[in-house]
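Student: If you read the sequence shown in UniProt numbering, its first letter stands for residue 1, the second for the next number, and so on.
It is possible that some hints are incorrect.
[Unchecked claim] Heads up, simulated BS3-like pairs for lysine-lysine below, C-alpha to C-alpha not over 25 Å straight-line:
1) Lys-192 / Lys-143
2) Lys-143 / Lys-76
3) Lys-24 / Lys-192
4) Lys-115 / Lys-24
5) Lys-116 / Lys-176
Quick caveat, the hints were computed from the structure, so don't treat them as lab data.
Keep in mind that this is a model prediction, so the values were computed, not measured.
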Amino acid sequence: RELDMTVEITHNGGIFDELKGFCKWLEISWFDFLMTFYNSRRSHSENITKLYDTFREQTVEDIFDTRDELNTGIQKNIDMYLDSEGSSNEMANAKVLAFFQLQEEIHEALFKQAKKFLTDRGSLDPNLILYLNELEEYCRLKKVDVTSDLELKMTCNFDFAAIKEQAYAVDPRSFKLLEPSEVTICHSKEQKEMIKGYLHQYGTTLDGLGRILMRVYPTKRLFRQIKDGDLKLQSSGIEVSSVERHPTFQ
Numbered sequence: 001r002e003l004d005m006t007v008e009i010t011h012n013g014g015i016f017d018e019l020k021g022f023c024k025w026l027e028i029s030w031f032d033f034l035m036t037f038y039n040s041r042r043s044h045s046e047n048i049t050k051l052y053d054t055f056r057e058q059t060v061e062d063i064f065d066t067r068d069e070l071n072t073g074i075q076k077n078i079d080m081y082l083d084s085e086g087s088s089n090e091m092a093n094a095k096v097l098a099f100f101q102l103q104e105e106i107h108e109a110l111f112k113q114a115k116k117f118l119t120d121r122g123s124l125d126p127n128l129i130l131y132l133n134e135l136e137e138y139c140r141l142k143k144v145d146v147t148s149d150l151e152l153k154m155t156c157n158f159d160f161a162a163i164k165e166q167a168y169a170v171d172p173r174s175f176k177l178l179e180p181s182e183v184t185i186c187h188s189k190e191q192k193e194m195i196k197g198y199l200h201q202y203g204t205t206l207d208g209l210g211r212i213l214m215r216v217y218p219t220k221r222l223f224r225q226i227k228d229g230d231l232k233l234q235s236s237g238i239e240v241s242s243v244e245r246h247p248t249f250q
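Turn these sequences into a full structure, and let the hints guide you.
Tutor: Shown next as structure tokens:
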């Protein structure tokens, strides 16, 4: 169940398509990458550890060791079950907390891991490190406080609009700009109307936000994008030798 939750908060809905594309270019299994995150799930940060611990507690609290214990528990609490107006969905609870409250920490953990993968391969190309730093900021700005109508700016050295068109599965050094450029990251008019409608219908409580996540699929439909007009910036097209093109383990 904890592995299922990991998939929910890092993969389903295209939440980290940018990093998935980078791994594809590096010929790193996305499953192996997520398993590395999962295997260290209680080592990333205090809040991520708490997320998993709470999920585990909520999952096992209604599990019984024997059928007799189950029958006794139901008989003892039958009135409470019948009178209850709803039930708790621990997976949905965990997903909404991760998506709306822990994005910063999950981004930090995943991108730190990506840099370690590069280090383990002996690839310390400064342009790849620069790209990962900017990709992390780009991803974060797309998702931070995602229900708010914000126009966020960042200065980048790579043509993220063109890289996105290739599903991020490209050598980013081939998309390095001639000089740094500022871009605006915001919701489109259609996205603003969609989000406004969902907020009006479900509100901004954790339960309401959870209902929005269940109805918007893929989840990345909620993410901001580079503003029209900032697209396809002129790149320098750094020449990369065939030896450098795909960093491999030494």
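Student: Which of the numbered hints above does this structure break?
Tutor: Those not satisfied are hints 2 and 3.
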